[in-house]
Amino acid sequence: MTQLRSSPFAYASGFKALFYKEVKRFWRVSFQTVAAPVLTAILYLMIFGHVLEDHVKVYGAISYTSFLIPGLVMMSLLQNSFANTSSSIIQSKITGNLIFVLLAPLSHLEFFMAYVLAAMVRGLVVGLGVFLATCWFTDISFQMPLWILVFAILSAGVLGALGLIAGIWAEKFDQLAAFQNFFIMPATMLSGVFYSIHTLPAIWQSISHFNPFFYMIDGFRYGFFGVSDISPWFSLMVVGTFFLVVALVAIRLLATGYKLRH
Amino acid sequence: MSAISFKHLTKNYGSLVALNDVSLEIEEGEFFGLLGPNGAGKTTLISILAGLCRPTAGSVEVMGHDVQSDFRAARRLLGIVPQELVFDPFFTVRETLQFQSGYFGIKNNGEWIDEILHHLGLADKANKNMRALSGGMKRRVLVAQALVHRPPVIVLDEPTAGVDVELRQSLWKFISRLNQEGHTIVLTTHYLEEAQELCGRIAMLKKGEIVALDTTANLLARVNNSQTKDGDLEDVFMQIMSEGR
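Respectively, the protein sequence lines represent chains A and B. If you count the first sequence from 1, position 50 lands on 35 in our numbering, and the numbers rise without skipping. With the second sequence counted from 1, adding 236 to any position gets you our numbering.
Chain A on its own, in the form it takes in the complex (with noise of 0.2 Å):
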């Protein structure tokens, strides 16, 4: 037998190997966590859009159906950026084998990186797949590409940090749907996904303004449209600030083995 003791290896980070690890994951079930979200965008594009096409005006001359598409994509890429981190987490403490990323040499911002980007992956995944197979049911503008990138892929690492905290946080799997269920949903179905908020009654205007994905979903909408509620810069600043708020809390959990490290 080959001798254990002295090591040949020179190491290197243990973050892609984690970060691999988190994609090959989602994606070995890929049926389940990228076909369904995209099924059921469908879903909603077709049963909102028939409904609602002819009775709901949104920025002058965009089609309801044009103006849906990109809400429902970003919906979709942040409830499944969520659902990544979160599920993945609370399922390794779970069934305990959390344990061996545990006893590796990783540190919390390997531990973050790794785990937030993959959310990101599955997120940007799933939305680009909503994007394809809704983009055929009407035509779509794409003004400002860029902001489009910019929002997604922001948004995407807010809601992967949000899932990260929810899955150190919650013991149980209701707990953890709790979370999902109460907080992370209505927020999502209530920023403006099917509506622009200038067609709500002025009070739910201004509570609008305190969802922070109310921001995500107007600047993504501003890149394909060019038109938004608000002006993209002022949504990619709250956007910007929501993410450092919710990675600098994730990250501070990792670093002090919060739930994690006894």
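Honestly, the hints are just simulated from the structure, not real lab data. We put the CB at the ideal spot given by N, CA and C, even for glycine. There's no promise every hint is true.
Claimed, not checked - Now the stretches of chain B that chain A is said to cover, found in silico as 3 or more residues with beta-carbon under 8 Å:
#, stretch
1, 255 to 263
2, 281 to 294
3, 317 to 328
Assemble chain B onto chain A, guided by the hints.
Relative to the frame of chain A, chain B by itself:
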């Protein structure tokens, strides 16, 4: 230099004292046994060594590297076989070992993985999903995972709990071989005959404190000189655990 050095280690969980000022040196190349009843603090001690748990006071070093402040070096020198039978159901045995190598920053580890698989009798299971393995096979994979980065210090936390005789024998043969090649082995077990046969030195823990620390031969001599003729480690264990009740 000691392979493992526990220095005045204390761990409290609220008002519960899991470890109370434990100091212990384990030398390089030793086959060391850590014994004690349930709740004595064995797993807490190993968890702190592995960085899974933080001490309330004191420190631990692996070959001179502090497990908290110099965690990268300490973890690379350490291979831990956890007590719980845990696995990732998404992957095959080979993928599990490849990812574990990757976490330690090791690329192109295929040759070594093949060798571990062969020696642990897992070669024909390499491409099977972890879910498809029996409990004994999953236990072997846990041992393999602890060895992928060729650590000089190997800790086995009750590795034979609930496994059949055949696996126990093949596992101990393999681990003894690693020890002969110079690896430091630390073992916790409730099978005292295994500890008696394998360990050169033993520490016994009770309520978070070391109540006995000596060579296996000296510990056995205690009972052979006093109460029982041809006493075994179980007699020693029972005697020590009953003291001070």
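With a C-beta cutoff of 8 Å, work out whether three or more residues of the stretch 255 to 263 of chain B approach chain A closely enough for the coverage to hold. It is violated, with 0 qualifying residues against the three required.
Are there three or more residues in the stretch 317 to 328 of chain B whose C-beta lies closer than 8 Å to some C-beta of chain A? holds (count 8)
Can you take a look at whether the stretch 281 to 294 of chain B is actually covered by chain A? Rule is 3+ residues, C-beta closer than 8 Å. holds (count 6)
The structure shown violates just one earlier hint, number 1.
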